[in-house]
Amino acid sequence: MTPAQLTIAAQKGDAEAFAALMEMHRSRLYRIAYAYLHNEGDALEAIQECTYRAYRKLKKLKEPSYFATWLIRILLNYCVDERKRKSRFSHVTEIHEPSSWDQPADPDLAAALSALDRDCKPIIILSYFEGFSLTEVADILKIPTGTVKSRLHRALRQLRDQLETKGDVHLER
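Take 1 as the starting number for the sequence shown in full-length UniProt numbering and just add one per residue.
If you are wondering where the hints come from, they were derived from the structure by calculation, not from laboratory data.
Straight line, CA to CA, 30 angstroms or less: simulated BS3-like cross-link-like pairs of lysine-lysine:
#, residue 1, residue 2
1, Lys84, Lys121
2, Lys62, Lys121
3, Lys12, Lys62
4, Lys121, Lys142
5, Lys149, Lys121
6, Lys57, Lys142
7, Lys59, Lys84
8, Lys84, Lys149
9, Lys60, Lys121
10, Lys121, Lys86
11, Lys86, Lys57
Based on the provided sequences and hints, a complete structural model is requested.
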């Protein structure tokens with residue numbers, strides 16, 4: 001079955017079809033959640049909450065072919081809310097183990113990525129790490145493609161400026 005057919009079956013109450021859809025997107029959801037939350041336990045909890053919310057609201061999805069972007073949007077909303085909640089209530093800095101996904105080999109690049117503006121970071125994660133096209137990123141974030149392009153340009157400029165100030169990288173403009 002195609003993802004759209006699985007989505008239609010899941011909307012009609014087929015729990016196995018829903019499970020197959022979630023399994024299909026499991027690794028991508030984990031990578032995105034971990035990139036935002038920087039903690040395996042929090043990432044797994046985010047996926048669990050995303051799964052629950054998707055299951056509850058699945059019948060409201062109007063276009064079955066957009067299941068993946070709809071699901072990622074649910075996850076991103078949860079991750080953003082969770083980071084806000086933790087920043088309000090956390091007075092202790094958490095130390096997390098680095099992973100190959102969110103910690104590039106170059107620590108300066110990792111620091112530059114984490115210092116991006118909050119509206120630019122999801123665009124970098126979705127387009128460069130997850131391989132979504134700019135149109136797909138626009139659909140996921142529910143913003144115009146032109147806005148995605150301008151934020152991507154701004155994010156790349158921020159990365160360039162941060163890396164050039166470190167003296168390690170000399171990028172041509």
